[in-house]
Structures are given as structure tokens and as C-alpha cells.
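Protein chains: 4
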Amino acid sequence: MTSPLRIGAVGLGRLGRFHAETVAKHLPHTELAAVCSVVPDELASAKNHFPNASGYADYTEMLNTECLDAVVLTSPSALHCAQLLQAAEAGLHVFTEKPLGITGEECQNVVQQVSAHPDLTIMVGFMRRYDPSYLEVKTRLDAGDIGRPILFRSYSVDPETCIDGALAYLPHSAGQFLDMAVHDIDLARWVLQSEPRMITAAGGCYAHPEFAAHDDGDNVAAFMQFKNETMVFLLAGRTAPHGYQVETEIIGTKATLRVGMTPQRNLVEILDAHGVRKLCSQGFLERFEQAYIAELAAFVQCIRKGKPAEVTVNDGLRATEIALAAQQAFRDRSSSSEPA
Amino acid sequence: MTSPLRIGAVGLGRLGRFHAETVAKHLPHTELAAVCSVVPDELASAKNHFPNASGYADYTEMLNTECLDAVVLTSPSALHCAQLLQAAEAGLHVFTEKPLGITGEECQNVVQQVSAHPDLTIMVGFMRRYDPSYLEVKTRLDAGDIGRPILFRSYSVDPETCIDGALAYLPHSAGQFLDMAVHDIDLARWVLQSEPRMITAAGGCYAHPEFAAHDDGDNVAAFMQFKNETMVFLLAGRTAPHGYQVETEIIGTKATLRVGMTPQRNLVEILDAHGVRKLCSQGFLERFEQAYIAELAAFVQCIRKGKPAEVTVNDGLRATEIALAAQQAFRDRSSSSEPA
Amino acid sequence: MTSPLRIGAVGLGRLGRFHAETVAKHLPHTELAAVCSVVPDELASAKNHFPNASGYADYTEMLNTECLDAVVLTSPSALHCAQLLQAAEAGLHVFTEKPLGITGEECQNVVQQVSAHPDLTIMVGFMRRYDPSYLEVKTRLDAGDIGRPILFRSYSVDPETCIDGALAYLPHSAGQFLDMAVHDIDLARWVLQSEPRMITAAGGCYAHPEFAAHDDGDNVAAFMQFKNETMVFLLAGRTAPHGYQVETEIIGTKATLRVGMTPQRNLVEILDAHGVRKLCSQGFLERFEQAYIAELAAFVQCIRKGKPAEVTVNDGLRATEIALAAQQAFRDRSSSSEPA
Amino acid sequence: MTSPLRIGAVGLGRLGRFHAETVAKHLPHTELAAVCSVVPDELASAKNHFPNASGYADYTEMLNTECLDAVVLTSPSALHCAQLLQAAEAGLHVFTEKPLGITGEECQNVVQQVSAHPDLTIMVGFMRRYDPSYLEVKTRLDAGDIGRPILFRSYSVDPETCIDGALAYLPHSAGQFLDMAVHDIDLARWVLQSEPRMITAAGGCYAHPEFAAHDDGDNVAAFMQFKNETMVFLLAGRTAPHGYQVETEIIGTKATLRVGMTPQRNLVEILDAHGVRKLCSQGFLERFEQAYIAELAAFVQCIRKGKPAEVTVNDGLRATEIALAAQQAFRDRSSSSEPA
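Protein chains in written order, with our numbering: chain A, 1 to 340; chain B, 1 to 340; chain C, 1 to 340; chain D, 1 to 340.
The hints are simulated quantities; they were obtained by calculation from the structure and are not laboratory data. Do not rely on the hints blindly, as some may be mistaken.
Once the Cα atoms are required to be at most 30 Å apart in a straight line, the calculated DSSO-like pairs of lysine-lysine come out as [said to hold, decoys possible]: (1) Lys47(D) / Lys307(A); (2) Lys138(A) / Lys47(A); (3) Lys138(C) / Lys307(C); (4) Lys138(C) / Lys278(A); (5) Lys307(A) / Lys25(D).
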């Protein structure tokens, strides 16, 4: 038997810690060899929780000291590209959280550099592709079940209860489309196998004027048409009163598929003075827990089998480019005079 | 063209008034000739609202004075049989609200007496048979779509908000099974085309001890098996916190049909801090408004075409008998010692 | 008591005949005095069905001959404006089906002319405003229940089973936005109390290339932003495989309201080899039957009380103007070169 | 750090193999030390799949040879009690699949014998207690959210597609109530914290006469009343056309809770010629995969912390006794003459 894969987990916030836990507990023949964070509390907590993993505050030091096979990057978005390239040059496989990067240029550079390492598995974390519901949608589209796709509509709206985090993150944000809608953009490209040829956007600050100072909105939407004629409508927002609204609808000439119209957290229904109701998921970890585990399992499988990643840096590049184009369309639109 | 049917509406409570309105407004070639109630306020209000109708406090006087073609009885249940027979003997067609009567004997007497008037349309008001959802269920069962029926389950639970009315009515009540479940019993007989061969019942006073003094419960249930082997489970209650829960499920070997699992009052869905929810119908008029109109339209059609009623006095007799048998089973059971 | 309102029904196709039936049967103190159609079969059938109504093949002759109080116009869209003005000049109240007209100019002319007849009730048939579900939405928005509206999304998609009728109508069609989305446009204006300031559109011929010859699509969508910042997304189409998909969603900062996401035809649910499912409404009369009756009842009420119409010619004008602007945006867009 | 728990998995059918996989992959500090089956193919396949585990065809030999800490019994129901006692006497912790046993006597014997081993964790596999939906129900009941429970209704109906397996198992079956409804019985006891005082049953062979030869039905139901007055209605069957129908409803005086009314397999909804529909789970592993993992994790946790099991042999005893009482009631009833 081969020796276990030695993995370093970089970034130990909520999702980073979850990824570390997945590596440590759920992946066969995989070892959480190192954890890395510049946040002292997060690092201390992780070292305590994963006694077999070494702890690092410095990424370069980790790469130099540990004999790792792969890294899992859950660091701030602005660091993804540089850390990815550093690891690849050290011969490590890389899983990076979305987005691949926050400018088109740095993503293009990654795509180019990575082409020199065909032996490495370099994967971007679009975990929805590993969710059973979205997998069924993909299978049905590929099978032709819905006929020709007419409209792809997808929402990613965070619960209002998380607004403080979103506001705190504003100085680092590259905008709602890159922060939130990048998943929907990846889904659209993945299931439609096409690229946008027209992008319009609008939105505003409906509840939180703070976003305006960053030339952004608390809710923004983009309307696109892809080269295969499919229309795409995306909504990204921060103010859902009921929970984490990630829903997708694909209207085709033969059938319509919907995912998550009611973001129910489980199979319980309550009948009381408020009516007949379901309670909702409150965030990405609650909704996509199994998908996050499945994507890392897929990453490890690809490494073991020497296969390229299922979600590539080119997917990361395109998602970032389209998100930024939508963000630009939003900014152009919002400064325009009244056309009608 | 024939002259309009002259109809007298008897009993002018909430449903009686609605029936009068239907006769006056929604039935072609029909005339609300008279209204009758022993409740002075209700009578006065109706006379004011229907200026073309004569008003009577006395049923016999109405029959003797007016030249009526038919009566619609929405009087107290204990009066149905006597009023029905009086009208039939006067040569009038009769529509009576459920139940046909409150003892098996008086119902049997009606069935016998009515057989002497084959020319008259005598109809019992099981309006659910005229509801589009229940009609679809009936059509599908008759077509064999569900295969062999295994379990027929039906609930009739009034909203807790109506409890004061139910408590006030207690002295006149013949029990939950006759007051509430009689509709479910009729549905079971109608769609299954079979009769019970075993009846068990249970229940209790879960919220309102007042029912115990009348040897009844605020929620009661009956478990039956019909001669065609189908199991039947009925729940009748008074304490629904969310609305008027009338739901029916028929599990068959090839398909299951459900009606009204969520008693939604319209097509609106609300997503807010309470989750994703639908608000509910709050009573029989809200849920079955169109069915109440349709049953009177059917009654008038039968009269015009000289056809026997679609819901017969025998249906009324059987529903009462089965409801009373369930009530008796409940009373026997509740006094029994603990069997296990 | 006043004498009954004498009404003439003009246009006797499916909906026109239904309006005639409503006048004849469901409206108190109202008389269907005349029916008018240039289609001999429809006229003959209506005369037979409504023996008390006079029949006319010529609209002007009807106006000159009959002593009418009002007309209900269900004629082809291109005739609405002229027939409306002719009736108004004759001193008649007018109910016209949507759209008010097919060009902005003729609608503006109507608005101007009609201002000379403040005593007349001139109403446009946006029946959704009389649907209980949409009424609840309007009430909740006006009460502030949903906070500030962020996105108004509304679909009107006819079932694929009706495609032959849509194709036959193509030579007379002013485009999908005017034929189908005009209802959604009216809803948006009605509930948002605002007007669009930006309109984009896209679409295509996904199943039926015949629409391209008329510079139209079988499915088209418009993305707007209203002056109050609310985003509006509308889809109009002809290819729904499952039924008549009229759904509306209004996402607000405090709540989201949805109407008709599942266009269920009744309260029946089926569990069989196809899963757990609901069957769907197949057309506007099935979905909006009660709303069509209610709008005519409101029209008659306004006449009796000498009140202006609840849905005005200005509403009709604006809906047509916005629909035509969307249609133009679609045509401009579809001829543009690939922007991305 | 303590050394890993060494666990032997006994019985390697579909669920047994899944339990072995859970021990091997998902439980921290746990080792699948041995696998045991009398079915040569299953044993060979498991040995191949789990190379670190020793394989045994003989249970006693496994106990004597391996130095185990615990066993997981997924053997035929008739063997549970004997194997449990043998392991307990050898000082091993035991997790046994439901039912604890197939006669009241053998279960009572286990309860008595096990009391001599308070240091051992002996747990019965009622996995629904570890399902997030049922856990929410339990929490809400304990918090008093639903008020006083009126009716507990629970269905366990296998898909018709699995009927061959059920028929093949008939010679070993102790009846539908023990095979299927034992989970619902445990749920009722768990959430109601009460025991039945009345049990009635009925049922029949609606699709598969083969069950009659074993004095059983393909669908059976029991109606109970518990000592706390709550009514309980259970349905156990084998003929669901659409999937694995495990649903539970608890009607209370303040709220009703429902679990799994639509046994949807994921969050996808399909709109096509069949209507608007969700596809369904097809079996217990698909529906309860996470619960099966969670119950073994809880078992291991109890062992490590030296705590008694959360689901005890007394729970197993009572579930078996009640199931057998219902089975007896069914058999008595079905032979009775027609009571009504």
C-alpha cells in the first residue's frame, strides 16, 4: 500500500477549519500533516484539535519545513494565486477555495504557469458540482432531458443575520458578483457548456448603504445571454430574512429543473399559528456540508490516480472574468442617467 | 321557457345565509322566494338583504303560505328529518344540510317515507363530492389509477380559533363523529363503494375538558376496515392551531392520492423569519365555497331534469349510522380498563 | 330599484364567451342585452346560448340599435382603441380586454379622449389584480410587510400544447411582451407603484423558429430597473411542457412573497412511479376564472357607484408602452454583435 | 492517547457492509479488526475490501481469536439475542441492529442478563433517533412546542421494487410490525415518553397473496392509545409505488410536526409532462445514511466515555413486545367475524 497523502491546510477560519477536519477524519489514507494561519487564535485552536499536525504562522516556512504532498488553500481570496503558484513550483498538488483570484490578470497568469505542471492536480473549490442535487441536474441536462435550455436562473443570497461579517469584509471584497455569484457563474458554465456573450447588471443598496461606498450593492443582479442563446439571470445578495437562499432553475423546452427553491434544512414541516412552514438552512456549511467533503475526496482521488482536476484553473479564471465583467456592468449602469 | 324554481331557504346562520345567497345570485332560473328562521336578527337581516323574498319565523306557515318548488334546509341537525318529511309530503323537492339526522331511527324513517316520492329530488349536502380536488380523486379511483385501495385516511379538524362556537354547541352536539367526521365517512363510502365491517375508536380531551361532560373528546379518531378490505382512519378534532385541516389520503397498490395536506388558502408563499410558509384556510366556507355553490346547482339540475338526487337519503342514513357506531366505540373504549 | 345594466359583449372567442356568460349569470342586476362577433359560428352559438340577447355581426350597428349602458370588448387587440372611443362617444361605459392598444400613439389618444368623459367608467382588463393571491401580495406590500422591494420577478409562459394557436396568431401579434408579459408589467407597476428607468431584453427561438420571421422569440425576457431602484425580471414564453406557468416573486428586505411557483390546478397530490407530483393548470381560464368574474363585478360596481375604473386607461397606456420598449430592446439586442 | 477501539462487524449484507465501512472510515480512533459472515461471497468481498480486517465464518471463533473491544451485529434477527449475550459475557460492548429479538422472552432474558454488565455499552440500532429531522422533532416536543400530543402517526412502507427481497425473507419474518413498524414504535415511545394501553390492528394482502400463508399482510396498520392518552396510528407496508415512504406526523394542541411527508431524495424539482414533481428515496440506506453513521459514532462515544447506551436493551425489549402485540391483534382481527 502507498503511504498516506500528507496535506497542509492553509487558512483556518470557519471553512478552512472544516476542510482540515475533512482531511483529518473523512479522507482515506490522507494525513493532516500541517495547519497554517496568520491568526494566532485560529492556529492555536487547530493545533490543539489536531495534535498530529504541525502548526505554522508562515506559509513559506510550512512549505520549506514539511514534506507535503498537497495543500488546501482557504486563505483570503487575494492570496490564492500567489500561494497556489508557490506550492505548484514546490511540486505540490493544490486545492484552492474559490475564487481562483480577484483579477483577471493574476488568474490568467496562474493558468499559464500551471500548464507547465501537467503532473499536478490543481483544483478550484466549486463545491456545488459535488452536491447530489446539482449532480442530478447536470446528469439530466447532459442526457437531454430538458431539451434546449432557455433560461438559467440562480440566486445566492446570504441571510441578513450574517450581515455584520459581510460589512466587516467590505474593504477586502471584490464585489458581490465575485464573492457570491461566482458559484452561480460556475454552475451556468458547467451545465450549459457555453460562455456569455452579453452581460447587463443592476442592483442597489436596499437595506445597507455601506455597500455604496465600495461601489457595490447589498443586492445585485446580472442578466446575460450565452453563446448557445440560453439566457442567464443571477441574483447575489446579503439580506435574506429567512436563511441561505441558494436556488437554481433551468427552464428548457422539454422540462424545467429546480434546485433548492425552498432551502429547507431538513425534512421537518411545522403547522402552527404561522401557517404550514419549513425552516431554512442558515449558511453554506449547513447546506453544502456533504459537498465540501465530496470535493476534497475527489481532489484526493485525482491525485492518487494521476488525473487532472475535475474543476480546473481555467474554470476559476472564467468564473472570475465573468464575475468582474458583471461587477463592471453594475458599476457602469448605476452611474448612468435615466434611460427611459 | 319554464318559470323559475321558487325556493325557500330555512335556517339563516352562516351557512344558511350563504345557501340563500347562492339561490338568489348564482343559480339560473331560480328564485329565492322565502327565507325562514326562528332567530329574529338573522331573519331581519336576510329580509333586508333579499327584498324579493318573504320572511317567515315559522316553517309550517312558510310551507302553507308560499307556493314553493323546493326548500334548502340549513336548520339545526335535530330538525332535518321532520322538516324534510313535511316538505316532501307537501310535494316539495328538498336539499338538506348534513347530517340527514341524529339517530339511525329517524334516518331510516326518512329513507322509508321518501321512497313513496320517487318524483321528488331529495338531496343531502355532502358538498365535498362537488369539490374539484375530490372529484379528481373519485375519477382516478374509478379509473383504477391507484390500483387496489389499502388505506383511506381523512382528517376534519376545525381551527382552535373556532372553539367557542364548538363549546356553545356542545349541548346540541351528537358527538364529533357526527358533527365533523360525517363528511369523511361519506367520502370513504363514495370513493371506496364499500361499507365498514369493523370500527374501533379512541380519543380524549387534550385541550378542552368540557367535552368530557358530554362523553365526547375534543379530538377523536376511528379505525375501520371496510368490506373490501380497505382500512380507514379518521380524525375529527377542534384544536388545529393553523387553520381548517381537511385532508384525505388514499394509499393504493399503484398510486397514492392526497388532497389538502397543506390547507393553503391561496397560491401565496411567504419567506420570512418564520421560514418558508403558506397560510391556511380558516373554515369550511373559505375552503369549500365553490363546492357549496356547485352542490346547489346540481340539486337544481336534478329537479329540472326530473332525476333522483346524486347524494341520496340512503347516503345520509349510512353516514349517520357509521358516525354513531364510531361514537359508540369511542364511548365504550374510553370507559374500558387498560388492556396492555 | 334601478333598472338592470344593459351590456353588450363584443368578441365571442373563448374569453369573450366567458365574459358574456359572466354578464348573463353572475352579475346582479345586469343584463346581457347584445352579443357581437364577426365570426358567424361564434355569433350563432352565442345567440343560441343566450336567447335573451340580440346578435350583431357589426359593432356600429349594435351601438346604433341597442340601448346599451356598457360594452365589454374582447375583440382583437388592434380594434380595442377604436371600439373603446366609439362606445365612449356614444356615452357607454367600457370594459376592454388587455392590451389597451398595440401602439403607444393609439393608447395616448385614448387617454386624451377619455379625459373628456369623466362620468364614464372605462376599465382595462388586468384581471390578476382581482385574483385572491395577487390581492394578498398587494395588501402585504402596501402594509410594508416585505420591507423595501429588491427584485420583482414574474413569468408568463403558455403551455406548449397551445403552440398552434400562438403560431396562427403570429401575423397579428405585437410580440411576446405585449401578448403575454403585459400582465406582469401591469402587476409590477401596480405593486411597486413605480415606473421603469432601464430596460434590457433578450431571448430567442428555442423550439419554434417561426417566431424569428416576425422578429420575435418563442421565449423572451426583460430585465428592468424601476425608478424606486427595484429590479424587475420578466419572462414570457410559449413552450412550458407542464402547464400554464404564471408565477411571481417579490423579494424584499424583510420578506419574500411568491405566487404560483407551482401552478397546481387543485389540492390533489399524486404519489406514483413518477414521484410525488401535482398536476398543473393548462390555461388562463382555468387559473384565473374567479378573477375574470371579479373584475367584471368590479366594473359593474364602479358604474353603479359612479366611480372611475380601478384599472385605468393610463394603466393600459403604460403597460403597452413598457411592453413595446421591451420588445424593441429585444429586437435591438438580437441584432447586436457579440459584446463579450 | 488511548489505543483505537477494535471492532468486529458481524453480518455483511447490505447494511452490515455499510456498518463495517463506517467503522473503517468514519469513526475516529476505531479499527475494523474483524469481519464475520456465514455467507462465503459476502465474507470474501469484505476481506478484499478491508485488507486490515481478519475474516471469520464463525462468530465464536472470531470472539475467541480476536482481541476485540466491541461487536456490531447485523446478523439475522433471530441471532441477535444469543450473539449479544455471548459478546457481553466475553466483556465486549455490543451494538445490535433492530430488532433486539423476535420473541418477548428472549428480549426479557437479554435485559436481565445485561444488567449484570453495567460497565458495558449495549446499544440497539434505532437509527432514526440520530436523523436530524427526528432529532428536531424530539427537541421540539421536549420543549413543549406542540403542546399536548394528540395523535402520533407514522408510516414505514418499502417500495414495491423491493418486493422480491421481502417475499424471499418471508419464511424468516416475524411479521410486518416487527420487520418494519418497530422503528415507528420506538419513535413513538421515544418522543411520547409513554407506553401503549390499547392496541388494535388490521390489514391484508392487497397486492401479494403470499403474505397470507404466513398469517401476515403486505400492508398492515395498528391503532393504539398510549397511557398519556395520545393516539398512535402506524402503517407498515411493502407496496409503495414511488419510493421509501417513511413519514411521521405528530399532531399537538399547539402545533403539528411532520417529517418526510414527501420522501424527496434531494432538493431537485422537475416540471414536465408529468406535472411538478420530486423524485423519492428508494430505501433505508439512501434515506438514513447519515443517521446510520451517527448512531455508530454515538455508540463509540458512549464506550469511550464509559456511559450507558442512549438506546437501551429495554428500548429493544419494549419495541419487540409492542410489535408482537400488534401482530397478534392483526391475526386475531383478521380471523374475526364481521362486527358491523
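Violated constraints from the hint list, given by number and in increasing order: 2
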